[in-house]
Amino acid sequence: MEKEGILKGLTEATIAGDVEKATSLANEAIKAGVDAYEAIMDGCARGMSIVSEKYEKGEMYVPEILCSAEAMYAAMDILRPHLKAERVGAPKKVVLGVVRGDIHDIGKNLVKLMMEAAGFQVIDLGRDVPSEKFVDVSVKEGAEIVGLSSLMTTSMVVMPEVIREIKKKSPKTATMVGGGPLSPELAKAYGADGYAKDASQAVKVAKSLISGVA
Amino acid sequence: MQDRMTPMERLVAVLMGQKPDRVPVNPFILGFAAKICNLPVGDLYADPRKSFKAQLLCAEMYGYDATPMYGYASFGAWEFGGKVGMPYEPGQSAPYVIKHPVESAEDVDKLEVPDPRKAGSIPIAMEVGKLCHENRMPAVFQCGEVLTTAAMVAEPARLLNWMVRKPDVVHKLNKKIAEFFIEVAEYFTSTFGADGCMAFTGGPVESNKLISSKQFGEFVFPYMKQVHSKVLGMGVHTVLEHPCSDQNANLPYYVQLRKDLGWNGKYIWVFGPETPLEKQIECFGEHDVIMGNVDPPSFQFKSFEEVLALCKDNIERGIKNPSGYILGVGCELPPLAPPINVYALMKAAREFGRFQ
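For the record, the sequence lines run as chains A and B.
Its first residue numbered 19, the first sequence is counted upward by one per residue in this note's numbering.
Its first residue numbered 14, the second sequence is counted upward by one per residue in this note's numbering.
I should point out that these hints are in silico values taken from the structure, not numbers from a laboratory.
A hint or two may mislead.
[Said to hold, decoys possible] Straight-line distance between alpha carbons at most 20 Å, and here's what the computed SDA-like set of lysine to any residue pairs gives:
id	chain 1	residue 1	chain 2	residue 2
1	B	227	A	199
2	A	75	B	225
3	B	222	A	206
4	B	227	A	74
5	A	190	A	216
6	B	222	A	199
7	B	243	B	291
8	A	215	A	175
9	A	75	A	216
10	B	222	A	76
11	B	315	A	204
12	B	179	A	36
13	A	215	A	68
14	A	206	B	316
15	B	222	A	175
[Stated by the list, open to error] Residues on chain A that point at chain B, a partial pick, calculated with CB under 7 Å:
id	residue
16	85
17	118
18	124
Keep in mind it's a predicted model, so treat the numbers as computed, not measured.
By construction, the Cβ of each residue, glycine as well, lies at the ideal position given by its N, Cα and C atoms.
This is chain B alone, in the form it adopts within the complex:
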């Protein structure tokens, strides 16, 4: 079946609350694009030109509706003066922390908010952003979540321990990280204009597999609200928000965030497969776009027919969202997924997600 709209036309239609020709598809592909282009996954994170080209070619080949972007979960360690490794070894799929810049409460006191123009991976993200901008695509910048970033700066177990033993130190660190994210947003919006940017945020440390909703309320919500409020205030209209893993208990806070922000801007929610689409529609359906959350490991380990059935089910449930739906994956698509299983997303969108 032929598509009648281009990916950008389709995405704009959804963001404007209109019906496109079919549901858009964003498979949350990063490392997989490198594999498809016969590149080491490390190049996707270390080389902005290769990263942009691989993501673009992969999207073109399948016909899905995502534009290239740059970001990763262990963001923060390098930017604040630590060291990361790029994923060039077997088994690795994203940059990983070699040295956390914070090892003690005193280190937090001494920690300086880095200049985003020079900090860690930001020059790479900026380069990818420039290539996107030249190709009339949004420049994506990472602006959270603050606690996940704090965990990368201070080492996850240490930070989680401090949440009980030294909460003031965690707050001090979170404040600096929130300040940094706001500066990153200012850097990108001043370079490309707010209309030319999209914010991306999310992280796994906020998951209720690690912290309680009460801890989310204390250590995440205030900083998330501060950063999002500033980003929207700069005129950025679209936020791609990925509450990673199981964050069901945090849902009331995400709803509160949107209420407190006056439901300004358009959020694209990418929850993990643990959060039912019906619940997401109930929480955000009147205002925001919901991106589907097909179980990521299924793409690597299930058959084409099984993945197709999962995508069909996701479309049938997600398409009921009154403010728009994108077929997607509940976290990054596994880089080792058989290529045919990514085609299942496209086939499902064209066969079961077509609008009259």
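So that you can see chain A by itself, here it is in the shape it has in the complex:
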């Protein structure tokens, strides 16, 4: 199969959540000498970008997206070891987590997925994350962005404190928030640099923040 066919196939396999096809095409890409970075970005990531658009339009829902993620990660596991350092560059780092007291992580995991597909390096702190950990990890990793997620009105109240500490200890790091009870107004009141209403918006907001802090 020619390069264009492989890339198109990887895009389609990602959208369809077809793990078998994604795996086979990733192996074929390596065999055919297709650049691994190109296969990831113009194949899998393009597919995930279409998935994100479809989610935004109500044409795809979380069950299908989770399958798309499986297909994308299956292909990426094969392609990653073949990445050439000079092609990748230094990816922008995003520290991501659900704030203390909150264990609802579907939204955060979708954001992680979309961000990884868009080429960010995501450091996932998981859920019920102590406030200090967001600050410590963002400083240690030199993160460009810290993303805080919350689904509950009782847990989101720690966000201003976390954002303040990050601003104090790592002034160049941008912060963004998201989750059910959040709103653009609350995000602003909390001192966050960005707000994303869902996973598809998160990548756009992160990109705009990166261009702002670069």
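Dock chain B against the given chain A, drawing on the hints supplied.
Chain B only, in chain A's frame:
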């Protein structure tokens, strides 16, 4: 302004299709009651006596028209053999799952429908029910929704993935959960009599932020219909139904449910703020009560005047429902809401929701 009816008289009037003195108020208060009574929120879910007393005192203090109840969104994990934590730590507002009892398709095969007399939180719910019954209030039991419960039994992302990869496994799990809910309903109705009970159901996993209406039709509707049909068949007359979050695309199925059940019983619909009251009236207004859906986070983050204005708007739109309206909140009232904002509900009901 003085109220002329007691909360129970007011609620009965609405359920009977009569006009009470003013619109009733049900702020969907759980954790907030614990805060008001200076208790940890965990006590509201772990200690039935404290839970009942806190909810009762909170309702008395404000004068709203809700009776104590017991239930939470992560219901199912503990009942089917997993483990939950009670919300005693900062930031927590409801029980949360520590261990999901199902991790594989084989686990679903092995899963046994638990005995409701001993399962997880049911003894606590039963104890709250007994206290309600002794005080001539309805004993509330949780009977859904099935998919949200399945997500708590099997872990949400796993279950959502299985809906595409292993739909048969999801159906197998849903069947067991539906069977369990029917047994819970039988346990409560045999203890208190059907007239002494009210069913409560709802959940967030059915939301169209997660699943499509088509998936709702396949994985929710048949089980919801099965459980509701049985519950109404036992003689339970009132169902408090809370389609959580944005479920606008699922509305045709909820209407179909009521049609298929012959519009039997009285449903009290508590949709999220995403579903306009006018749409709800169009769907259910000829038969059912609609509970208002003021935006929950507003109670925590907006001023008294702003919340009062939201409540007034909700009353003016909801009061047009021919089969009755209750001023309420579109999901649980935030436990950290300033206490004065709950008073906004009462003030609005007394000033703008009075019937002649």
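(Q) Run through the hints listed earlier and report the numbers of any the structure violates, in increasing order. (A) 1, 3, 5, 7, 15
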